[in-house]
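Student: Protein chains in written order, with the numbering used here: chain B, 50 to 375; chain E, 50 to 375.
FYI, nobody ran anything at the bench for these hints, they're computed from the structure.
The structure displayed is predicted, hence computed values, not measured ones.
Treat the hints loosely; a few may be bogus.
Covered stretches of chain B, as calculated for chain E (at least 3 residues, CB under 8 Å) [said to hold, decoys possible]:
1) 89 to 100
2) 137 to 149
3) 165 to 177
4) 189 to 196
For glycine and all other residues, C-beta sits at the position ideal for the given N, C-alpha and C.
Number of protein chains: 2
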Amino acid sequence: MKGTVGELGEFGLIDKLTSRLTTTPAVRLGPGDDAAVVTAPDGRVVASTDLLIEGRHFRRDWSTAYDVGRKSAAQNLADIAAMGAVPTALLLGLVVPGELPVAWPTELMDGIRDECQVAGAAVVGGDVVRGDSITVAITALGDLRGHDPVTRSGARPGDLVAYTGWLGWSAAGLAVLSRGFRSPRAFVEAHRRPEPPYHAGPAAAGLGATAMTDVSDGLVADLGHIARASDVRIDLRSGLVDIPSQMHDIGQAVGIDPLQWVLTGGEDHAIVATFPPETKLPARWRVIGEVRGHSARAQVTVDGSPWTGTGGWDHFNTGEKEGRTP
Amino acid sequence: MKGTVGELGEFGLIDKLTSRLTTTPAVRLGPGDDAAVVTAPDGRVVASTDLLIEGRHFRRDWSTAYDVGRKSAAQNLADIAAMGAVPTALLLGLVVPGELPVAWPTELMDGIRDECQVAGAAVVGGDVVRGDSITVAITALGDLRGHDPVTRSGARPGDLVAYTGWLGWSAAGLAVLSRGFRSPRAFVEAHRRPEPPYHAGPAAAGLGATAMTDVSDGLVADLGHIARASDVRIDLRSGLVDIPSQMHDIGQAVGIDPLQWVLTGGEDHAIVATFPPETKLPARWRVIGEVRGHSARAQVTVDGSPWTGTGGWDHFNTGEKEGRTP
Numbered sequence: 050m051k052g053t054v055g056e057l058g059e060f061g062l063i064d065k066l067t068s069r070l071t072t073t074p075a076v077r078l079g080p081g082d083d084a085a086v087v088t089a090p091d092g093r094v095v096a097s098t099d100l101l102i103e104g105r106h107f108r109r110d111w112s113t114a115y116d117v118g119r120k121s122a123a124q125n126l127a128d129i130a131a132m133g134a135v136p137t138a139l140l141l142g143l144v145v146p147g148e149l150p151v152a153w154p155t156e157l158m159d160g161i162r163d164e165c166q167v168a169g170a171a172v173v174g175g176d177v178v179r180g181d182s183i184t185v186a187i188t189a190l191g192d193l194r195g196h197d198p199v200t201r202s203g204a205r206p207g208d209l210v211a212y213t214g215w216l217g218w219s220a221a222g223l224a225v226l227s228r229g230f231r232s233p234r235a236f237v238e239a240h241r242r243p244e245p246p247y248h249a250g251p252a253a254a255g256l257g258a259t260a261m262t263d264v265s266d267g268l269v270a271d272l273g274h275i276a277r278a279s280d281v282r283i284d285l286r287s288g289l290v291d292i293p294s295q296m297h298d299i300g301q302a303v304g305i306d307p308l309q310w311v312l313t314g315g316e317d318h319a320i321v322a323t324f325p326p327e328t329k330l331p332a333r334w335r336v337i338g339e340v341r342g343h344s345a346r347a348q349v350t351v352d353g354s355p356w357t358g359t360g361g362w363d364h365f366n367t368g369e370k371e372g373r374t375p
Numbered sequence: 050m051k052g053t054v055g056e057l058g059e060f061g062l063i064d065k066l067t068s069r070l071t072t073t074p075a076v077r078l079g080p081g082d083d084a085a086v087v088t089a090p091d092g093r094v095v096a097s098t099d100l101l102i103e104g105r106h107f108r109r110d111w112s113t114a115y116d117v118g119r120k121s122a123a124q125n126l127a128d129i130a131a132m133g134a135v136p137t138a139l140l141l142g143l144v145v146p147g148e149l150p151v152a153w154p155t156e157l158m159d160g161i162r163d164e165c166q167v168a169g170a171a172v173v174g175g176d177v178v179r180g181d182s183i184t185v186a187i188t189a190l191g192d193l194r195g196h197d198p199v200t201r202s203g204a205r206p207g208d209l210v211a212y213t214g215w216l217g218w219s220a221a222g223l224a225v226l227s228r229g230f231r232s233p234r235a236f237v238e239a240h241r242r243p244e245p246p247y248h249a250g251p252a253a254a255g256l257g258a259t260a261m262t263d264v265s266d267g268l269v270a271d272l273g274h275i276a277r278a279s280d281v282r283i284d285l286r287s288g289l290v291d292i293p294s295q296m297h298d299i300g301q302a303v304g305i306d307p308l309q310w311v312l313t314g315g316e317d318h319a320i321v322a323t324f325p326p327e328t329k330l331p332a333r334w335r336v337i338g339e340v341r342g343h344s345a346r347a348q349v350t351v352d353g354s355p356w357t358g359t360g361g362w363d364h365f366n367t368g369e370k371e372g373r374t375p
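Okay, chain B solo, but in the shape it has when bound (with noise of 0.2 Å):
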């Protein structure tokens, strides 16, 4: 595949973007129109917005175009799945510089396309311009099939907190490629690619989880986010967290508490979430910890105390924080 972007032009690189595309039952109406239509049988629809830009959110010599599609979207479908809902559609619109090799957003399109056929979704429409730096905004809308949706505000006294997923790997494989190293690659893949649990938002949504998010700005935050929705405290209980073997063996070799990663990495997409205490939870579902009485000394504590490690992840304010991209 030959030639720049600019060499391409706007309306060649939308059609060869969406020739590459595939559907689902769910798209009425896909790209090339002024919009697209697509199912909303429950008669409302769930809609979520990010922005991933180059060298903030990915960069190209550590990940493929295929893994930052593959990313991007996965990011965006996990929000969906939060909520409880089904994805069932992605927009994409995508800023590139003139002189980027058009295989880079073809390989960015493939890796959306096949990550929104693993969450169920289809592309199905979007918009390409030139800039100066690769942006990347993607739009996810799902389906809550008759569910209400699992906001972050929920939560009550005496729920469970429980997780499924996986919490640290990314940010222990950015840990590893940022110190020049390809290995391990499970993690280093991990933070190239996640992999939300899709049918784990709806399944909780079905299982009357009271409050849910997904893990994209660190363990410790996003709970944050749901104690100060509910007006609750959450605390975790660090022994009932999984860190397996290998991750303990990167956090000896770098210098890091490995406990660190998973209670501050994000961009895993775990989904965590809060249930009433009799719920029966499936098997990949693990307990870490249990709602609490409003406190206005910390909205998260960690066995007990206020959790003092790094926190979450401000876009504005990230020069001098570990283990994200710079």
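Could you slot chain E onto chain B? The hints should help.
Tutor: Only chain E this time, still in chain B's reference frame:
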């Protein structure tokens, strides 16, 4: 309102922006959770995404942040109306440099909010990240209210071609601005803040429109999309197009035939549609041509001949074109 977005931080800026929003009964869950929830009573949702970047789609010295907000929202909401749907919701992705004064995104948000109110929609979510240049990524949603979507592919030979709204006003305003003038105000205002006839989209669907689009790339270019998708030729009658006398005056002053603005100027977001020949159109629609059988020679003709002036808008090949933001 003092300070820069870098000083305020991502979460602070998001709080400030969302605090200015209004809502509608269609919004079941607004900003602040993993995703928004909006009613979709039709059981299908219409969705469209557009990107605007500084220097290409707007200039801070020519437009206020408020106007950029109005225009960004209008562009997307017009896409929803052009499918025959009623706009319901909008999501905003915003890239802002850290040194940008907080007032700029705040006024942008006000403009987006107010344009949404004109269209009957509300801002329900978004994302804010720091980057080198301002980028506005908007996704709009809408509801078909039981009508089938009016695509670009349904035009049939014999159909009327008609539009409602404004044509060429934005291009005339840009010609004025790019020569250093600030008047006539009506045209400069039209460039800064288009007024798409949102209500006309669903109304046209109700009148039996066979194909429809909004004029974003220019009348000839956008009718070319309909002609290609419908496999027909569209013949415009230049004498039927409305060119106000003031537009003639501007044309004379700057040495440009105003017909060129009307035929190729985009960004006014007029709505143009094809209708069965017996359709009785309301007074604000203006018939400007007729659909003919497929022609290999040209998709759109003006008075029977291919239009030889400048064409539509391709974001990757724009340097030498007349009448668009450089």
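Student: Give a verdict on every hint.
Tutor: Taking the hints in turn, this is what the structure says about them:
Counting residues of the segment 89 to 100 of chain B whose CB falls under 8 Å from any CB of chain E gives 12; the rule of at least 3 is met. Given a C-beta distance limit of less than 8 Å, the hint that chain E covers the segment 137 to 149 of chain B holds, as 7 residues qualify and 3 suffice. Residue count for the segment 165 to 177 of chain B with a Cβ under 8 Å from a Cβ of chain E: 5. That meets the three needed, and the coverage hint holds. With 4 residues having a beta carbon nearer than 8 Å to a beta carbon of chain E, the segment 189 to 196 of chain B meets the requirement of three or more and the stated coverage holds.
Checked against the numbered hints above, the structure breaks none of them.
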